[in-house]
Amino acid sequence: MPSLLFYFFAAITLIFGAGVVLARNPVASAMSLVVSFVGVAALFISLDAYFIGTLQILVYAGAVMVLFLFIIMLLDIQAEAVKKGHVMPAIGGVFLAVLFSLQIVNVLGVFKEGNKPLPALDMAKAAETQTLPTIVNDLKAGTLPDAKLMGVTLFKDYPLHLQIVGLLLLAGTVGVVVLSKRDRKEESA
Amino acid sequence: MNQQSAVSLLLLLPLFAAFAILVLNRYVGSFVSKVISVGSATICLITSCLLLGAEPTTGTLFQFIDVDGLHAGIGFILDQQSAGMMFIVTFIGLLVHVYSLGYMKEDESQSRFFGSLSMFMFSMTGIVLADNLLMMFVFWELVGLSSYLLIGHWFEKPSAAEAAKKAFLTNRIGDFGFMIGILVLFAASNGEIGFAALKESLSGGSTTGPLHDAPSWVMTLAALGLFMGAVGKSAQVPLHVWLPDAMEGPTPVSALIHAATMVAAGVYMLVRVSFILVESELAMQIISGIGGFTALFAALMAVQQNDIKRILAYSTLSQLGYMVMAVGLHAGEAGMFHLYTHAFFKALLFLGAGAVIYACHHEQDIWKMGGLRKQTPATFLTFAIGTLALMGLPGMSGFFSKEEILGAAYHECGWLFASASFTALLTSFYMTRCVVVAFFGKARTEAASHAHEAPMIMIAPLLLLSIFAIFSGYGFFSGRLQALVPHAGHAEGHLFVMGISIAAVVIGSGLAFFLYNGKDKDPLNIKLFANKFYIDEIYAVIVKVFQDRLAWIVTGLESIFVDGLVARLPAAIACRMGKTARAMQSGQLQGYTFALGLGLLLAIYLVVQVLPRH
Amino acid sequence: MICPFSIEIGLAIAGVLLLALDAFADKLHRMVVPVIAASCTGVALFALLTACCGCAAVPAWLEPHYATDGLAMFYKVFALVTTLIVLILAIESDKVLAHFSSSESVKTRIGEFYALPLIVCAGMMWMASAKDLLTVFVPLELVTVSFYVLVAYTRRSGLSLEAGVKYLILGALSTGILVYGIAWIYGVTGTMSFAGVAAATAKAETNVGALLFGAALLLAGFGFKVAAAPFQIWVPDVYQGAPTPVTAFLSVGSKAAGFVVLTRTVQAFTAEGSAIAQPVLNALLFAAALTIVLGSLPAIFQTNVKRLFAYSSISHAGFLLLALACGSSARFGLDSAGVVAFYLATYLPMTLLGFLMLCVLRSQGVGEELKDITGLAKRNPSMAFALTVALASMAGLPLTAGFMGKLLVFVAAVDGGHFAIVAIAVVGAAAGFYYYFKPILAAYSPGEPDASKLRWTLLSRVTAIALMLGILVLGVYPRALQKVLAPTATAVVQTK
Amino acid sequence: MSLLEIIILIPLLAAALIGAGLPAKLISRGASVLNLVVLLVTLSQHAAGVNLSHSIPILDNPAINFAVGADGFSLTLALLTCLVLLAAVWQIIDKPAIYHVASLLIAGGALGAFLSTDLFFIYGFHELALIPTLLMIAVHGHGDATNRRAIAWKITVYLGAGSLVLLAGLAALVLNYSGSNGLTFDLNALLETAKSAPLAADAQAWIFFVLLVGFGTLVSLFPFHSWAAPAYAAAPTPVAMLHSGVLKKFGLYGLIKIALPLLPLGAKAEWVQQALLLMLVGNIIVIGLVTIHQSSLDTMLGNSSVMHMGYIFLGIAAGNTVALNGAVLLIFAHGISIALAFALCGKMRNQLGTLEFSKLGGLAGNAPFLTVMFGFATFSSIGLPGLANFAGEVMVFVGAFHQSLNTGLKPIHWATILALWGVVMSAVYMLRAYRSLFFGKAAEGHFISDPLGSQRIPLLLLTAVLLVVGCRPSLITDLLNFTAK
Amino acid sequence: MITLNHYLLVAGILFAIGLAGVVARRNILTIFMCLELMLTAANLTLVAFTRFHTVNGVPDYTAQSLVFFTITVAAAEVAVGLAIIVALFRAKHSVSVESVTKLQG
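Chains as they are written, first to last, in the working numbering: chain R, 7 to 195; chain B, 19 to 632; chain W, 3 to 498; chain D, 2 to 486; chain S, 14 to 118.
Rather than coming from a laboratory, the hints here were simulated on the basis of the structure.
Worth double-checking, as some hints may not be accurate.
Computed list of lysine-lysine pairs in DSSO-like fashion (alpha-carbon distance at most 30 Å, straight line) [said to hold, decoys possible]: (1) S/105 <-> R/187; (2) B/392 <-> B/539; (3) D/26 <-> W/455; (4) W/373 <-> R/187; (5) B/597 <-> W/97; (6) B/539 <-> B/386; (7) R/118 <-> R/131; (8) D/96 <-> D/196; (9) B/123 <-> D/442; (10) D/96 <-> W/455; (11) B/217 <-> D/411; (12) B/175 <-> B/52; (13) W/373 <-> S/115; (14) R/154 <-> R/122; (15) W/485 <-> R/187; (16) D/196 <-> D/411; (17) D/196 <-> W/380; (18) W/97 <-> W/485; (19) B/386 <-> D/442; (20) D/360 <-> B/175; (21) S/105 <-> B/460; (22) R/122 <-> W/205.
Quick caveat, the model's predicted, so the values are computed rather than measured.
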């Protein structure tokens with residue numbers, strides 16, 4: 007990926023990420039978040055993770071953020087008023103962010119391996135190890151069958167985990183029902 | 019009856035009597051107690067008479083402490099010294115028992131009294147028979163207890179209760195030294211406490227004697243320690259203060275314990291261990307010095323006392339000073355001799371004083387008596403005999419013994435001789451004063467004028483004692499009692515000493531007679547003497563400052579520093595930290611996220627930066 | 003012989019079916035679902051104990067992710083026992099729960115509350131078996147998300163809702179940290195499996211600095227789950243606000259699940275020849291000391307028994323971390339994983355007994371404040387006694403289970419030469435003598451003279467007796483447990 | 002089942018039975034008598050040379066066994082426990098059953114600690130006995146509620162911390178003396194290793210010091226003593242008797258039974274010796290002065306009990322046969338005499354409502370029996386010959402002083418001399434108390450009468466023991482059969 | 014040249030930004046958004062690493078699966094979280110952190 011694009015999307019990600027934190031209106035925050043996520047999705051794609059990138063846009067930028075916006079609208083949440091005494095948390099947040107960034111920089115300084123460029127993909131080599139015809143064909147054609155490879159991995163290596171995630175979603179659903187179920191008294195009131 | 023069983027009888031019978039009275043007290047009347055007590059005293063006297071002049075023996079009755087490294091038995095030494103002392107104790111003891119039957123007739127707690135007396139007889143017997151230091155210490159303490167019980171017999175009287183406590187505590191201070199002495203000897207001799215064993219250890223000889231090789235300071239320490247015990251028990255300066263106060267006890271008790279026997283135990287003990295004392299010249303000098311000083315000091319105080327018992331008490335102090343001085347002057351046998359004679363005449367005087375007090379309805383101030391010679395002739399007669407014996411009138415027992423001590427002093431140390439002679443003069447002076455004021459002249463109070471002679475049961479012991487007071491100084495008598503033959507060396511200057519002592523008697527009594535005959539109040543008024551050199555007051559201050567105030571300060575410091583540093587400060591720190599940690603738990607979500615974030619940074623910092631370097 | 007995996011699946015299915023049953027058959031008696039849930043757990047426990055002993059037959063497709071070593075089996079049993087007792091606690095406090103759940107009426111059906119623990123239990127059992135970080139993560143999140151629901155379940159009580167919010171935010175934060183940590187560990191070592199990580203720590207080419215960074219993040223993430231300082235800050239609030247059975251579940255089940263994962267992680271980090279073993283162990287020691295202090299000292303001031311238990315739970319976590327940090331000693335019958343397991347086994351009966359007493363009292367209208375339990379001995383002496391046994395064990399008094407656990411930790415720590423930490427632990431335990439005795443004292447102090455008598459239900463009585471027996475047996479005859487745990491020591495090493 | 006196990010179980014079982022609702026007074030009195038009888042049987046068995054030890058393993062590695070075994074020392078303390086228990090349960094009149102339960106539990110715990118031969122159970126039983134002590138002080142203690150709560154907390158945390166220090170020390174012992182095959186808590190096994198492969202003197206000294214602090218805290222060794230006096234003043238009578246008389250002695254028991262034989266070089270290390278001497282002199286002199294300052298009987302007895310521990314520590318510091326025999330004898334004697342004193346103190350408190358010296362006086366007039374009994378307690382505690390304490394004190398002094406004098410007085414000589422002065426001080430405060438309570442003029446408004454009938458029996462029993470042991474200390478020392486190491 | 018560290022840096026800073034938001038913001042909804050930001054940063058790191066550690070010439074999909082699971086889990090978490098927030102709003106009529114300060118000490 008050309009450097010320019012990387013810097014562009016990285017900038018989008020970070021700027022709008024900062025926008026989430028800085029915007030006083032939750033709607034603005036949510037919108038910034040969407041944009042930031044799009045930036046991240048682009049970075050994913052730049053890392054040849056097309057499936058994850060798509061997922062990022064579909065699930066995050068799509069479903070999750072809609073849910074957020076929906077709730078914000080539903081609850082009619084106002085922008086945070088700036089009050090005295092709210093400076094400390096802000097200072098604390100910045101303080102932590104700065105320190106954490108310094109630590110990251112420090113670690114990255116130590117992490118010499120990371121200074122290498124990303125290795126080139128070797129489709130030919132991959133084709134030899136794969137068995138599924140469709141994947142092998144794609145690889146031989148020189149394209150990365152990202153979603154297919156992901157699918158194979160998920161269903162071959164992680165069937166249990168998928169079930170557990172399903173269970174998790176079920177538990178989440180039940181939870182949502184339980185927690186937001188209106189009881190009759192509240193209705194009448 | 020062999021000696022071992024005789025000794026056992028002497029020890030156990032009074033103990034049994036005391037115990038029986040303690041147990042039966044509640045269930046039977048005082049009569050039974052009296053029978054038991056007097057009966058046991060009688061049997062003891064008979065037994066001790068049988069033992070007089072017997073072959074010297076030793077033996078062990080039973081092992082008291084019996085572990086590796088310390089074998090302390092209850093044993094006995096039967097020699098002339100102990101046999102003689104035993105006779106004195108049992109003899110005067112029996113007389114006092116008999117006398118008390120009359121004197122204590124009205125008392126409500128006679129059982130307790132006689133029980134305590136028996137207890138005393140037991141304890142005193144133990145001291146006399148002791149064949150080792152620890153046994154002596156054991157009974158030393160026990161006589162302290164009986165003395166405590168008897169002084170405090172009338173416990174409702176605050177003064178009696180105080181006096182009992184004071185006596186015990188003062189003795190305890192002496193015992194502190196006594197015990198140090200024992201411990202030093204034990205350590206220095208590598209584990210011996212028996213008199214015989216110590217003697218052997220000291221002599222060196224064929225076997226190696228650890229004590230023989232001990233450094234000289236050890237012997238001095240041991241000697242002074244033992245002497246400190248004697249100072250307490252025999253009421254030498256500076257631990258003399260308890261004896262006058264002990265007069266709060268019933269008078270027969272004063273006669274038996276605080277005049278004749280127990281207080282003399284210090285001297286008895288010193289003579290027993292004199293083989294140790296002589297090892298340290300310094301200790302001997304201190305002993306004689308303190309003895310001489312006590313003699314003089316007490317005599318001075320006696321001059322200005324008005325309570326008949328207190329006069330006698332100070333006189334006892336003074337005479338004990340003589341005895342101790344004698345021990346310190348290498349004349350232990352003279353001290354013992356004086357102990358014997360003193361026992362008789364001082365018991366006589368005390369019992370006589372008791373009769374006087376009895377006659378005057380418990381009046382003890384001599385200035386409130388007067389003219390008793392007519393109302394109570396028998397008492398007067400016996401009291402006078404006692405007085406003369408005490409003054410050391412030639413021919414009386416006191417003359418012989420006192421003269422021997424003076425002789426020793428003359429021989430050894432001029433200063434002490436001078437002071438002792440002056441003390442003899444003072445003795446004559448205050449005794450004459452006492453007799454003159456109490457028995458001569460006119461009755462000064464109602465009580466005195468209606469005085470009546472004591473009953474026969476009290477007079478009889480007086481008469482018996484008078485005989486002893488007169489004759490116990492003579493060789494045919496004292497020879498039975500003591501094996502210790504007077505030093506031949508004392509013959510030198512004998513006449514001079516005799517002259518001095520006679521002169522002291524004459525001058526002292528003459529002065530007193532002229533000064534006091536017919537007087538209604540004391541022509542002399544020496545506050546310093548009357549107030550006993552303010553020693554009690556000084557001690558009160560010392561106790562207040564060095565004990566109560568110190569205790570107060572220490573208590574404060576202890577609760578501030580010790581408790582504070584060890585307990586409260588850590589507790590406070592823990593609470594402080596707990597409160598701080600709790601304040602972090604503010605309930606503010608933002609605070610929590612911040613804490614979590616900070617914790618994360620800290621963890622990263624620690625794990626990545628700090629810990630790998632260590 | 004069946005694979006424990008089937009039991010977990012069965013349990014999860016039972017949970018799902020119960021959810022369905024509760025949703026669609028609303029004419030059922032309200033106790034049907036709880037009873038079925040409890041019996042399912044019981045059956046699962048029975049099945050696990052009888053059918054799976056020594057079973058290592060794992061399907062091939064599952065083999066890379068799923069361990070059935072002693073450690074895993076122990077924690078599976080642990081999770082099942084905990085869940086069973088938590089369900090009993092829930093049954094005991096059914097009315098209270100119903101009162102505060104979606105409707106005020108005590109008739110409200112709360113079947114989900116009984117079904118979810120089965121799913122959580124299955125999740126914990128999976129966590130116990132996880133051989134790689136991914137397999138840790140997924141069930142961990144299942145457990146966490148279910149707990150969000152359970153904590154906030156009695157939402158009509160403001161405290162429960164508040165606890166839910168706090169747990170949600172802080173839990174999600176810890177999830178973020180955890181994932182970030184996993185990413186770094188993976189990035190540095192190129193693998194997610196514990197065995198791979200263990201091998202990588204010893205390799206020369208592994209970047210130690212970056213590995214430590216990942217390790218720190220990972221420890222922080224798991225530290226949150228086990229309430230290790232400085233990530234313990236959520237514990238008091240959440241424990242206090244959550245419904246009591248959930249608090250019990252959190253403090254025993256969730257903590258144990260966290261510890262099994264932490265144990266495996268630490269074992270991976272400190273494997274033979276590991277370049278990061280020392281900093282990791284030291285960090286754990288440091289955390290242990292801090293946890294003991296931050297758990298014990300604020301507890302001194304607590305007046306709410308439930309909150310007190312929360313702090314107590316923190317301080318116990320400190321002792322557990324200490325055990326973990328001491329490493330293995332050849333002279334000891336148990337390695338550090340064994341000691342941790344042992345400590346947790348002693349921790350289970352006493353903590354659950356404590357919470358059981360709170361549930362029993364709460365269901366009869368007695369509050370959780372110290373002043374509410376004043377005079378308990380008068381109102382029901384055996385309840386006071388049970389509470390005393392629980393607290394005495396928590397305080398670590400000898401002849402109770404708590405002491406055995408603390409003793410082993412102390413011995414291990416002294417053996418490891420960590421005298422400073424031992425000193426801090428001593429201070430913490432000494433403070434424990436204060437705050438654990440406060441409720442005991444209150445229970446035996448004279449309270450209101452006309453307070454009504456309190457009654458046991460049969461179920462609570464039986465459970466309490468069983469737990470007390472557990473405490474005493476573990477305190478007096480821990481040999482059996484040791485025999486169970488001793489093999490884990492060897493088995494765990496093989497999984498590396 | 003060994004007789005020793007029965008001895009441990011009887012009180013615990015009795016407590017459980019009372020807890021189950023059976024008549025408290027009957028059971029506790031019966032159990033205490035039964036226990037004394039069984040113990041006497043055990044003593045005779047021991048004398049006959051029967052091996053009473055018995056062991057049940059409860060943990061393999063670290064090896065922990067429920068092992069009981071008895072030597073003369075532990076039997077002496079068991080005898081002390083049974084005697085004091087008997088006297089203590091007799092002091093419970095018209096009190097809730099919890100008094101009986103607590104007394105039995107304390108005694109059971111103490112017996113367990115004294116008769117076990119496994120460090121785990123030695124430690125464990127002691128702690129078990131502490132709980133009822135603490136609870137009773139907090140809930141049923143004397144004084145106003147806040148105050149006694151504070152005292153209860155103090156003793157709880159203090160003793161808890163002390164026990165934990167002790168635990169650390171014991172752990173160090175276990176780790177160093179377990180030999181090559183895993184760890185063991187078995188005292189005998191540890192002893193064997195200690196003999197065959199002793200630690201370096203330096204390490205021994207450190208561990209000994211930790212144990213000294215741990216055990217010392219439990220025995221109120223200066224400066225870790227400040228829990229004791231207020232706790233005894235506040236404790237209900239039977240608890241005060243049992244704790245000061247018996248349970249507190251556990252620390253001394255541990256030092257003599259565990260620390261000295263396992264760490265002989267540590268005990269002799271110079272700095273440890275000097276520290277111990279300093280502390281014990283603190284006990285005797287500082288607390289002696291504090292005791293003199295007290296103005297009320299209960300706190301005075303509490304402080305005196307702290308002070309007297311100094312003598313026993315002196316015996317431990319000396320460490321030779323005579324001194325150790327003396328120390329044990331003193332443990333026994335002090336246990337009996339302080340229990341007697343607290344029993345009487347309780348009786349007086351019940352009737353008088355106050356124990357302030359300034360408010361009382363002349364009690365001897367109405368209560369001759371109490372006076373005599375208190376006299377025995379007083380004189381025993383000030384070391385009067387013929388009562389048990391004396392022999393112990395003398396042996397301690399003699400043993401402690403028995404060091405070469407050729408190089409001048411050593412620190413232990415000075416400590417002994419100061420301890421001797423302590424005897425004077427204890428006479429001062431005990432006699433002051435005796436005098437101001439019982440003698441002098443009777444104070445107005447405070448009436449006291451003698452206990453009646455059966456109430457006298459336990460008091461007489463204790464007194465008789467004091468007398469018998471005082472006259473024949475070899476009864477105990479022969480049982481001990483200590484020899485110098 | 015874009016290296017692995019570039020991605021890691023971006024992810025790290027994004028993580029830091031999220032952290033700052035979590036601490037600084039008072040609106041629980043916004044806090045929740047910031048949490049998602051952090052999670053995404055973690056995902057970015059992971060994806061970068063999987064791309065870096067190629068297996069047989071293609072990215073490490075076994076590791077990348079974690080991202081899949083993370084996103085799923087995050088979705089469920091959001092659902093439950095929002096339900097709790099709604100419940101909170103119903104009870105307190107506020108979604109500010111100030112409405113949850115009763116539990117403390």
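Verification of the hints:
no.	hint	verdict
1	S/105 <-> R/187	holds (16 Å)
2	B/392 <-> B/539	holds (20 Å)
3	D/26 <-> W/455	holds (25 Å)
4	W/373 <-> R/187	violated (36 Å)
5	B/597 <-> W/97	violated (36 Å)
6	B/539 <-> B/386	holds (10 Å)
7	R/118 <-> R/131	holds (27 Å)
8	D/96 <-> D/196	violated (51 Å)
9	B/123 <-> D/442	holds (23 Å)
10	D/96 <-> W/455	holds (22 Å)
11	B/217 <-> D/411	holds (26 Å)
12	B/175 <-> B/52	holds (24 Å)
13	W/373 <-> S/115	holds (20 Å)
14	R/154 <-> R/122	holds (28 Å)
15	W/485 <-> R/187	violated (49 Å)
16	D/196 <-> D/411	holds (29 Å)
17	D/196 <-> W/380	violated (54 Å)
18	W/97 <-> W/485	violated (41 Å)
19	B/386 <-> D/442	holds (27 Å)
20	D/360 <-> B/175	holds (17 Å)
21	S/105 <-> B/460	violated (110 Å)
22	R/122 <-> W/205	holds (20 Å)
In summary, the structure is inconsistent with hints 4, 5, 8, 15, 17, 18 and 21 from the numbered list given earlier, while agreeing with the others.
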